[in-house]
Amino acid sequence: MRPQPPRVFFCEVRSMPTTKLDPQVALAELQERRPDRVTLVVLSGDMDRVMSAFIIATGAASMGMQVTMFFTFWGLNAIRRPGVSSKAADWLRRMFGFLNKGGADTLPLSRFHFWGLGTRMMKLVMRRNRMPGVPELMEIAKDLGVHFIACTTTLGLMGITKDTLIDGIDQFAGVSTYLAEAKEAQVNLFI
Amino acid sequence: MHFDVTLDTLGLFCPMPIIKASKKIKELTVGQVLEVISDDEGIKKDMPAWCETTGHHFLGLEEEQNGGTVHYKTYVKKSK
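Chains A and B are the protein sequences, given in the same order.
In terms of the numbering used here, the first sequence has 14 at position 14, counting the first letter as 1, and numbering is strictly consecutive.
In terms of the numbering used here, the second sequence has 75 at position 75, counting the first letter as 1, and numbering is strictly consecutive.
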């Protein structure tokens with residue numbers, strides 16, 4: 001901190017203080033203080049879309065960016081533990097939670113799902129080509145420090161309880177938390 | 001080209017080469033050169049872009065015919 005200049009109550013002409021700050025250094029410092037940020041809203045629960053989201057997230061994280069993923073609606077299926085039944089309070093939501101299968105490995109393709117056949121074929125091709133799928137990419141994302149936020153409103157709406165989600169969800173929050181993050185970010189994507 | 005550490009990402013697709021490179025470069029000291037070998041053509045553009053964002057120095061790219069596939073060798077100098 002520079003010492004505060006003495007207060008001058010009379011109008012006085014003073015020479016501007018010479019600055020020794022190198023603009024390049026100042027810019028570097030500024031960038032260091034505020035890392036590049038990326039936020040992704042993952043609304044879709046389609047395997048291809050969620051995969052794209054994770055590819056962008058992991059890519060950004062390895063470029064040194066701070067990444068936040070906000071999971072809502074069908075996107076929540078990606079962060080559900082597979083095979084865990086819902087413990088929602090009322091039967092309607094319990095039923096919904098039962099019908100809407102979750103788990104990173106069970107997401108269907110947005111096209112050519114063909115009752116599971118298309119998706120299985122796609123996964124086979126990916127495995128043969130050593131391409132990471134959603135579960136693997138999710139692990140990498142966690143490893144790289146990507147923040148996961150689960151939307152509490154849609155959790156309730158879809159009969160998904162917190163205890164049926166995977167470990168490592170950083171926050172359970174709503175739109176304000178997302179917007180507070182997005183406001184600071186340079187890249188905001190809705191998938 | 002001279003390098004200190006090499007990273008084999010053959011057979012891996014985007015974003016794996018970049019993720020692996022970002023982890024590997026942490027093991028290097030400033031000034032050392034990392035070689036990343038990939039057969040994914042995207043690395044030709046991705047590696048310079050990654051370097052630009054992370055502040056590391058992109059030294060160059062070599063292409064090598066290897067049977068039916070091309071191996072792309074990129075060289076990155078750790079700068080910070």
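I should point out that these hints are in silico values taken from the structure, not numbers from a laboratory.
All values reported here derive from a predicted model rather than from experimental measurement.
Possibly wrong hints are sitting among the right ones.
[Claimed, not checked] In silico PhoX-like pairs for lysine-lysine, Cα to Cα no more than 25 Å straight-line:
1) 23(B) to 142(A)
2) 142(A) to 24(B)
3) 20(B) to 123(A)
4) 77(B) to 24(B)
5) 26(B) to 142(A)
6) 80(B) to 23(B)
[What the hints assert, rightly or not] Not close to chain A: a few residues of chain B, all C-beta gaps over 10 Å, as computed:
7) 4
8) 8
9) 18
10) 22
11) 30
12) 32
13) 35
14) 54
[To be verified] Just so you have them, the derived chain B footprint on chain A, three or more residues with Cβ under 8 Å:
15) 45-59
16) 164-170
Ideal Cβ positions, reconstructed from N, Cα and C, are used throughout, including at glycine.
Results of checking the hints against the structure:
A threshold of 25 Å between alpha carbons decides the hint, and for residue 23(B) with residue 142(A) the separation of about 14 Å falls inside it, so the pair holds. Between residue 142(A) and residue 24(B) the CA atoms are separated by roughly 17 Å; this keeps the pair inside 25 Å, and the hint holds. For the hint pairing residue 20(B) with residue 123(A), the CA-to-CA distance comes to about 22 Å; that is within 25 Å, so the pair holds. In summary, the hint linking residue 77(B) to residue 24(B) is supported, as the alpha carbons are separated by about 12 Å, within the 25 Å threshold.
As the CA atoms of residue 26(B) and residue 142(A) are separated by approximately 18 Å, the hinted pair is consistent with the 25 Å bound. Of the supplied pair hints, the one linking residue 80(B) and residue 23(B) holds, its CA atoms being roughly 14 Å apart against a limit of 25 Å. Here residue 4(B) stays apart from chain A, with its beta-carbon at least about 20 Å from theirs, past the 10 Å limit. With a minimum CB-CB distance of about 13 Å to chain A, residue 8(B) clears the 10 Å threshold, and the non-interface call stands.
Look at residue 18(B): its CB is around 5 Å from the nearest CB on chain A, not clear of 10 Å, so calling it non-interface is violated. With a minimum CB-CB distance of about 4 Å to chain A, residue 22(B) fails to clear the 10 Å threshold, and the non-interface call is violated. With a closest Cβ-Cβ approach of about 15 Å to chain A, residue 30(B) is found to remain outside the 10 Å limit, as its non-interface label requires. No beta-carbon of chain A is positioned within 10 Å of the beta-carbon of residue 32(B); the least distance is around 18 Å.
In this structure residue 35(B) is separated from chain A by more than 10 Å, as the shortest Cβ-Cβ distance comes to about 17 Å. Look at residue 54(B): its CB is around 5 Å from the nearest CB on chain A, not clear of 10 Å, so calling it non-interface is violated. A count of 3 residues in the stretch 45-59 of chain A with a Cβ less than 8 Å from any Cβ of chain B is obtained; the coverage claim is therefore met, three being the minimum. Here the stretch 164-170 of chain A counts 0 residues with a CB under 8 Å from a CB of chain B, which misses the bar of 3, and the coverage is violated.
Checked against the numbered hints given earlier, this structure breaks hints 9, 10, 14, 16; the rest are met.
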